[in-house]
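Q: From first to last, the protein sequence lines are chains R, Y, Z, B, L and P. According to this note's numbering, the residues represented by the first sequence are 1 to 142, in order. According to this note's numbering, the residues represented by the second sequence are 1 to 142, in order. According to this note's numbering, the residues represented by the third sequence are 1 to 142, in order. According to this note's numbering, the residues represented by the fourth sequence are 1 to 142, in order. According to this note's numbering, the residues represented by the fifth sequence are 1 to 142, in order. According to this note's numbering, the residues represented by the sixth sequence are 1 to 142, in order.
It should be emphasised that the hints constitute simulated quantities derived from the structure, not laboratory data. This structure is a prediction, so every number in the text was calculated from the model and none was measured. Everything hinted at is true.
Okay, derived cross-link-like pairs now, DSBU-like style, lysine-lysine, Cα gap no bigger than 30 Å in a straight line:
1) B:Lys-75 x L:Lys-75
2) Y:Lys-93 x Y:Lys-30
3) Y:Lys-75 x R:Lys-30
4) L:Lys-124 x P:Lys-30
5) B:Lys-93 x B:Lys-124
6) B:Lys-124 x Z:Lys-124
7) Z:Lys-124 x Y:Lys-124
6 protein chains.
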Amino acid sequence: MPTVEITRRAEFCAAHRLHNPEFSDEENHKLYGPCNNPNGHGHNYEIEVTVRGEVPVPTGMVMNLNDLCWILEEKILPQFDHKHLNHDVPSLKGIIPTAENIAVVLWNQIEPEIERFEGCRLHKIRLSESRNNFVEYEGSSS
Amino acid sequence: MPTVEITRRAEFCAAHRLHNPEFSDEENHKLYGPCNNPNGHGHNYEIEVTVRGEVPVPTGMVMNLNDLCWILEEKILPQFDHKHLNHDVPSLKGIIPTAENIAVVLWNQIEPEIERFEGCRLHKIRLSESRNNFVEYEGSSS
Amino acid sequence: MPTVEITRRAEFCAAHRLHNPEFSDEENHKLYGPCNNPNGHGHNYEIEVTVRGEVPVPTGMVMNLNDLCWILEEKILPQFDHKHLNHDVPSLKGIIPTAENIAVVLWNQIEPEIERFEGCRLHKIRLSESRNNFVEYEGSSS
Amino acid sequence: MPTVEITRRAEFCAAHRLHNPEFSDEENHKLYGPCNNPNGHGHNYEIEVTVRGEVPVPTGMVMNLNDLCWILEEKILPQFDHKHLNHDVPSLKGIIPTAENIAVVLWNQIEPEIERFEGCRLHKIRLSESRNNFVEYEGSSS
Amino acid sequence: MPTVEITRRAEFCAAHRLHNPEFSDEENHKLYGPCNNPNGHGHNYEIEVTVRGEVPVPTGMVMNLNDLCWILEEKILPQFDHKHLNHDVPSLKGIIPTAENIAVVLWNQIEPEIERFEGCRLHKIRLSESRNNFVEYEGSSS
Amino acid sequence: MPTVEITRRAEFCAAHRLHNPEFSDEENHKLYGPCNNPNGHGHNYEIEVTVRGEVPVPTGMVMNLNDLCWILEEKILPQFDHKHLNHDVPSLKGIIPTAENIAVVLWNQIEPEIERFEGCRLHKIRLSESRNNFVEYEGSSS
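Can you make the complete structure from the sequences, with help from the hints?
A: Rendered as structure tokens:
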């Protein structure tokens, strides 16, 4: 059985502010620049979730894309979509919502969902803040 | 001299909330759905500014793109970029920041800048909130 | 009240075959080339639906995008999505499913839905078969 | 018979330099900035050619896309593709290769090709130098 | 000599149906959902073929892109382009045409073509069914 | 601390010609085809620079994107942007400006800039000549 990676892309729109309450206002402004704007700004985030696994002959699919789509659209992304990431998202409480940190939080929520599917494991998450900036995370063991 | 339209595209990242204070919370929620989230959400907005004019032989340009770029990047967009449109933008004060309204406000600010260039007039503004939603405005006389 | 155009983009995946039963096989092959393949081929179609109207101050919206989205995703596109356009779509019965003809059929179905919204009228439909080919239709009176 | 616009997109890669030999070096540098670099620079140009016409029932096509594709890829674009527009293109001789001027030259070459097809006329040319800059031309009578 | 990966992207349009004849109609419908539609549906598939190798100083190229382009456009993709993958493609006979399976079939056909070029080996194939779904395969030894 | 990769995308417009002076004109033409055009042609190059590192809790960032952006836009890309790569770029002197070679030259210039940032290392450079062609380089130890 060949091993293949499948990826599902999705989007969510959210506001965020980069700010560390342990730093002074001046330090925050120097560190985060315009991303430190007190009322926040926002992005159309794009997430690509990659699952790796063998392809069983009877189905021809690493994992049913409908299941992967359901996990993202119904279980994970409603927490983030049309929200202010600093105020509205319990799983980001106390975490500075940089793309790096959001990607790790998304990994930690998506990984247990994927593990329920035999032979599949979460391989990579790519999170784009804009066409010019994105981050990738492959889990803590990479 | 042929008449040609030139377009410059630019981006800005902002947060916004759709909310009319004259409606009840229930009415606002019904009207705007998740866009009514109290803390706001956000977008990577794309703006396309189209200028129409004749092409003089000596320059071969309707208008110098460096000038158009400067108007957008230095004069207009810093008011909107990395801001919360409901709280941080004086020209949007008292205006519900729908894409339609933002496009009209942008037109009203950009049009007088273009009129300083002989033979040029602002022809169209396209404002995209996401890959799936955009608005176009051609001024009040269209 | 300014007049603005709003556009909603959506996608559907479908198979089709270009074939006129009144022509000989040779004529069909000459006219449509590989698009005449008997078992069909397919596309990720993109549709952009543009609605034109004034922007009332209380809502700031030409038309509620949620309504436009619902019309497309719930009422119109399920007839076409994941279908073979020659065999599965009643409204295309007897019509060669070129992009031009599909756009006109879509217009005829979408226009009465838009007319129910006061002050709005369907302005344009753009239908893309691929990144390289698209058609635009503005109705029979254009 | 409905009237529809069909568009074909294509690309060509070329070098160019913006320079008017009647101006001094200083004036050229001030006018064109980095685009005046003596050895030139380059772009992946994108052209969209839009043809407008009625849709005859027997074919369902304004114009055969294979014909439009052949005109662009075989007849027009080989003059421009993988060339230096200031040195290698006879139809641009003596013309400053701004996007505006290239679009007009392309129109003048493509229009007579389209007129051979009954019921069709060239409606618009869009020429993009980059994702951020494009021009549109609808002919001298627009 | 540095080792570099070069990638060529290409497209093909095809219809397909996901269906395992060993399952009941009900099981197929449950497994594949709308992708099980009897007459099929279709996509604009995108393929990215990545070749890895050292860069010889005399040419500066891992492999001549013209050769890679020729392999794809002349030898491989005509089997798939403008076809119904369930009926028209001998190399997919008896194989459920999921993106995973098509990618493996493409790998098996492209790999021997690349091996003829000294110092080059096929590194990865990415196959996209749509902007939202793609698979990647790096061969049986990965 | 999780290890994450961050990527910054940027663009530059340049002309180039593929030509090895040690080969005959005939050999050059056979090897490089239209890319051997004596006056050159050009591209909108896209570069993606990927930096890998741990994410410190106080900042939530592998590396400040403003720093990465500054390195690219102020220090590296002005050498290449709006230039003819064969004539205007000292670091490409004597090097055939294929995408492979440009990527290696960019790596060699960007890597020491990244190494100044504690805990960060340059992970990958992707350089696209067009939507259809790109190369990736991960350094000499990959």
